[in-house]
Amino acid sequence: MKINGYTLATLKKGQKGIIQSVDASDPQVQRLMVLGLVEGAEIEHASSAIGGDPIEFRLFGCGISLRQEDARFFQVAPVAAGD
Amino acid sequence: MVGNPNSGKSTVFNRLTGLKQRIGNYPGVTVERHIGVLSFDGKQTELVDLPGTHSLSAHSLEEQIAVDVILGRMEGSNSPDGVLAVLDATNLYQGLFLLQQLVDLNLPMVVALTMTDAAAQSGIDVDVKALSAALGDVNICTVIATTGFGLDKLRAAVSELPETTPPNRISVWPELTAAAERLRAAAGDGLAFAESERLLVDGITVHNQSFASTLNDEAITTLDELRREIFGDEPPVAAEARVRYNWARKTLKTVQQSAPKFHSWRTQVTDFLNQPVAGTVGLFIVMAVVFQAVFAWATPIMDLIDGLAATLGGKVVASLGDGALSSLISDGVIAGVGSVIIFLPQILILFLFIILLEDSGYLARAAYLMDRTMHSVGLSGQSIIPMISSFACAVPGIMATRVIPNRRDRIATILAAPFMTCSARLPVYALLIAAFVPANPVGFMNLQGLVLFGLYMFGIVMGILTALLMRKTALRGPKPPFALMLPEFRRPNLQTVLIQLLGRVKVFLYRAGTVIFTVAVIVWALAYYPRSEIIGTEVEKQRQIAAYSLSGPELAAQYQHIDNVASAAQLEQSWLGRAGKTVEPIFRPLGWDWRVSAAVIAGFPAREVVIAVLGTVYAVGDEADEGTLSGRLKASTWEDGSPVFTLPMVIGLLIFYACCLQCAATLAVIRRETNSWRWPAFAWVYMTAIGYVGALLAFQLGSA
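Sequence order for the protein chains is W and F. Per the working numbering, the first sequence starts with residue -1, numbered consecutively. Per the working numbering, the second sequence starts with residue 47, numbered consecutively.
Isolated chain W (complex conformation) (with noise of 0.2 angstroms):
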């Protein structure tokens, strides 16, 4: 599913996605699926602490952080602005 390489990590702050496919094989990572971040969802960059890291992700009106080296294992299709 590497078909454009935008990972959540891309995403830049204001822009949606919607995840397109998990790399579930680490067990912690199943654990963020629980949270919510499964194939399907649309996702939102709303804001990064300093320095561009963690990055706060905006889920069904809810708020969940993620560090840019975790937000790599979820691949995203970027949705245009004003989608």
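No wet-lab data here; the hints were simulated from the structure. Hints are not guaranteed to be accurate.
Stated by the list, open to error - Derived DSS-like pairs: lysine-lysine, alpha-carbon spacing no greater than 27 angstroms straight-line:
#1 F:K89 / F:K199
#2 F:K199 / F:K66
#3 F:K361 / F:K680
#4 F:K680 / W:K10
#5 F:K552 / F:K66
#6 F:K175 / F:K361
#7 F:K299 / W:K14
#8 F:K175 / F:K299
#9 F:K525 / W:K11
#10 F:K627 / F:K680
#11 F:K175 / F:K199
#12 F:K299 / W:K11
#13 F:K552 / F:K525
#14 W:K14 / F:K296
What the hints assert, rightly or not - Partial chain W-side listing against chain F, Cβ under 10 angstroms, derived:
#15 Q18
#16 R29
#17 M31
#18 E37
#19 L57
#20 S63
Treat the numbers as computed from the prediction; the structure is a model and nothing was measured. For glycine and all other residues, C-beta sits at the position ideal for the given N, C-alpha and C.
For this one, chain W is given, so just place chain F on it according to the hints.
Positioned in the frame of chain W, the structure of chain F alone reads:
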């Protein structure tokens, strides 16, 4: 009572039960058990507030307990008659995931839909009818905990739970449902449908032994076959998340209508704090304000208590005269316990802030803002919650490390946590700062507040260095992925805040009333006995000589002087005095006299005791003319008349207290949480050594 973390579950619990609740522990573990009684229409219902969870998949001890209690598998708990599920209207997505699993329990259920007001503000309108239909026609009560809206309806629904029919099973994942029934058929009667589902998804793990152990060999074979059949190569937990969140997403479309947003203070605050720099600066300002408040607001009340204890002690001596009993009451009990009670105002203010920050959702934001820093020293953002809790007390802080899944992170956090300035260190800091640091204004703070702030920072730096050191040496290893939920800001509910505050105060007063009272009496006895006959006869002789040559006020003053000298002599040859003198050579390089040494020794079981001991030791000595403890400390001198409490010595003493692990409860909880004596022993030696060296350097360099 079940719900996601931050769903407003505890607020609803507190609103439903009020003061009719008690906090205990589940048998054999340190997870808190909150039980409350809900009264409605003359009927009493026992409510158990379970630890917040995202899923019935148990991955940690707390989740395991929540799951075991719901399934009726918890030792010492009855099977529940029903489930009160708390659903946050601002976070239906995650809530619906858990609710699907709860419906499968086939238990009577009522859903409390919270935060509909906040959801409306952010443009979400929930169709309660459609939501109820989606969840198997479950009864849903809309509740706004801050205003009390809907609480009576919820009370009625909860008290009728045992007579309520369970919600209908919902069709989310037919393959799993069919497999769960097949597994039940293979396993026999003992296995509930929900348990069967959990076994299929989670497999047999350490956290589901309560029901996994009922499986026979045949059932285990069936379980393995079924799991291969449903999941294939996909990790089952990932498959469950995918399927259930798919359903949640579809359901959201039918139950959520978007409404126009309107801007509230909440969104404005969130927007402001979401800016990286502004948010971080804001965090430091919040912390500085908290410490300044703890110091400045409490002072007038503390002075009042201090004066009151001094007057009371004087009254006792006046009415009972000199003697063992009068000394026990005034010097032992009043001086000892009073000098701890005096810190109640500060502890109240500190806990008030911690509770407010937690309930408003700011603590999670602090964890997010600090994550990069924590991560760079080998800890995770999740370590910040235990660390911040440790500012109140390291014991709950260390218990809170359970949320950290990685063992190395967890032990590094446990070793760093006791460096955070706990509420028991605060009295020692406050006493020494008030006595020896001038209150000069520095910016919007004063020097006292600044020194206190500096000591808190010192604790943080020491903790971080410790964690870094451990992660680079004994606890080397990879850093696992991690996510942190960031709840919306919300106005804390006054009643909930007060109930929590009251609980903390009770714990503090209970300790002051038992442990500290006992230690105060024991220390008094050690400082009072044995009485020396020789000193007694010497006093009589001196008094007679004085009576010959003096009269009137001069004579009274001379008597007072003789008595003080005698008390000092008695103290010096008492058990405590002898113990202090024995260890004095060890602490002499730090500039401590035998009295400070004795107090520090007595403080090893519980550091707040040191104030009580100083209070006792200095109440019977030469400096007793000074009314308050800080006055007495300032007046204490070496034999040559130079003051004991010089600035370098006080700084050294503060450093010693900032580092040293003088708390038996913390050692016990480290032992329990790491399941070995190795870590508490290491922590004690390590921290005491740092404290000693730090105090030594401060005194020697400062005095040179």
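Agreement of K199 of chain F and K66 of chain F with the hint, judged by alpha carbon distance not exceeding 27 angstroms: The hint holds at about 19 angstroms.
Pairwise hint evaluation, K296 of chain F against K14 of chain W, where the allowed Cα distance is 27 angstroms at most: holds, 19 angstroms
When the least beta-carbon distance from S63 of chain W to chain F is tested against 10 angstroms, hint result: Since the shortest Cβ distance to chain F is 5 angstroms, the answer is holds.
Restraint outcome when L57 of chain W is required to lie within 10 angstroms of chain F by C-beta distance: At 7 angstroms from the nearest chain F Cβ, L57 of chain W passes the 10 angstroms test, so the hint holds.
Straight-line alpha-carbon gap K627 of chain F to K680 of chain F, limit 27 angstroms: Between K627 of chain F and K680 of chain F the Cα gap is close to 21 angstroms, so the pair holds against 27 angstroms.
Given pair status - K14 of chain W, K299 of chain F, alpha carbons within 27 angstroms: holds, 18 angstroms
Agreement of K175 of chain F and K361 of chain F with the hint, judged by alpha carbon distance not exceeding 27 angstroms: violated, 70 angstroms
Pair hint outcome, K552 of chain F versus K66 of chain F [Cα-Cα no greater than 27 angstroms]: Within the cut-off at roughly 15 angstroms; holds.
Restraint status (C-alpha distance of K680 of chain F to K10 of chain W at most 27 angstroms): Distance ~60 angstroms between K680 of chain F and K10 of chain W Cα, so the pair is violated.
Agreement of K89 of chain F and K199 of chain F with the hint, judged by alpha carbon distance not exceeding 27 angstroms: Holds: K89 of chain F and K199 of chain F sit about 14 angstroms apart, inside 27 angstroms.
Agreement of K525 of chain F and K11 of chain W with the hint, judged by alpha carbon distance not exceeding 27 angstroms: holds, 26 angstroms
Restraint satisfaction for E37 of chain W [CB to CB of chain F, less than 10 angstroms]: This interface hint holds because 6 angstroms falls under the 10 angstroms limit.
Going through the hint list in order, the structure does not satisfy hints 4, 6, 13 and 15.
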